[in-house]
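**Student:** The sequence shown begins at 1 in the working numbering and counts up by one.
A hint or two may mislead.
Here are the in silico distance ranges between beta carbons for each label pair [what the hints assert, rightly or not]:
no., residue 1, residue 2, range
1, Leu48, Lys150, 25 to 31 Å
2, Leu195, Leu43, 29 to 35 Å
3, Ala184, Val127, 16 to 22 Å
4, Gln192, Trp60, 34 to 40 Å
5, Leu195, Ala64, 35 to 41 Å
The hints are simulated quantities; they were obtained by calculation from the structure and are not laboratory data.
Ideal Cβ positions, reconstructed from N, Cα and C, are used throughout, including at glycine.
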Amino acid sequence: MAGESPVPVVPEGPEQVEPVLLSGTFGPGALLTPANVVTVARLLVTPLLLALILKRGPSWEVWAVWTVLAGTDGVDGWVARRQGATRSGAFLDPLADKVLVLGALAALVARGDFWWVPATLIAVREVGMSFYRSYAGRRGISVPATGLAKLKTWAQDVAIALALIPLAAHHRWLAGGVLWLAVALTLWTGGQYVLAARRPAPFRP
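From just these sequences and the hints, can you work out the full model?
**Tutor:** Right under this line is the structure:
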């Protein structure tokens, strides 16, 4: 009928066109995606959290802000897996995670709530691993995340959360103990990544 759009015909066989992304999905080069919006929002709110930690110290309000930011860590990745992973998201997501965790650790060290040694060990490993991933990626070496790495992230988040509750002043040993657990997992997984990346790939005829 006049005024109606023609129905596109997809040729079969060798002349078949490349598949088009479904509505609501994004290609690798996309920038403005829902996943990236979540990631950038986390980045923008992180300085507010750090200011609250330094100014107010442990409180339920500060703890709530931390819990929301740490709890949404997997949201952007979950959205990206369903709507299309992007190169920008692959860069921004780990950046937001490290700025959040390392910034919170630095603020708690500045307040005297955490000892600087475990916080520094975590920071050195996280920053060093970021550079190593970049180096390995340029050489075509894959450094995938492991299940133990997720436990490491959980331990870091819990240690910071415990330090931010109002009762933290009376139970610093608890947050400190979990932080040292996070240090052990952080260093262990870092070593695993390096060894796995240096291991030669299996021969495939």
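**Student:** All hints are to be evaluated individually against the structure, with a verdict given for each.
**Tutor:** A quick look at each hint next to the structure:
1. Leu48 / Lys150: 25 to 31 Å: Given about 26 Å between the Cβ atoms, the range holds.
2. Leu195 / Leu43: 29 to 35 Å: Roughly 32 Å apart at Cβ, these two residues keep to the hinted range, so it holds.
3. Ala184 / Val127: 16 to 22 Å: holds (18 Å)
4. Gln192 / Trp60: 34 to 40 Å: holds (37 Å)
5. Leu195 / Ala64: 35 to 41 Å: Given range 35 to 41 Å: holds, Cβ gap about 39 Å.
The structure is consistent with each of the numbered hints, conforming to all of them.
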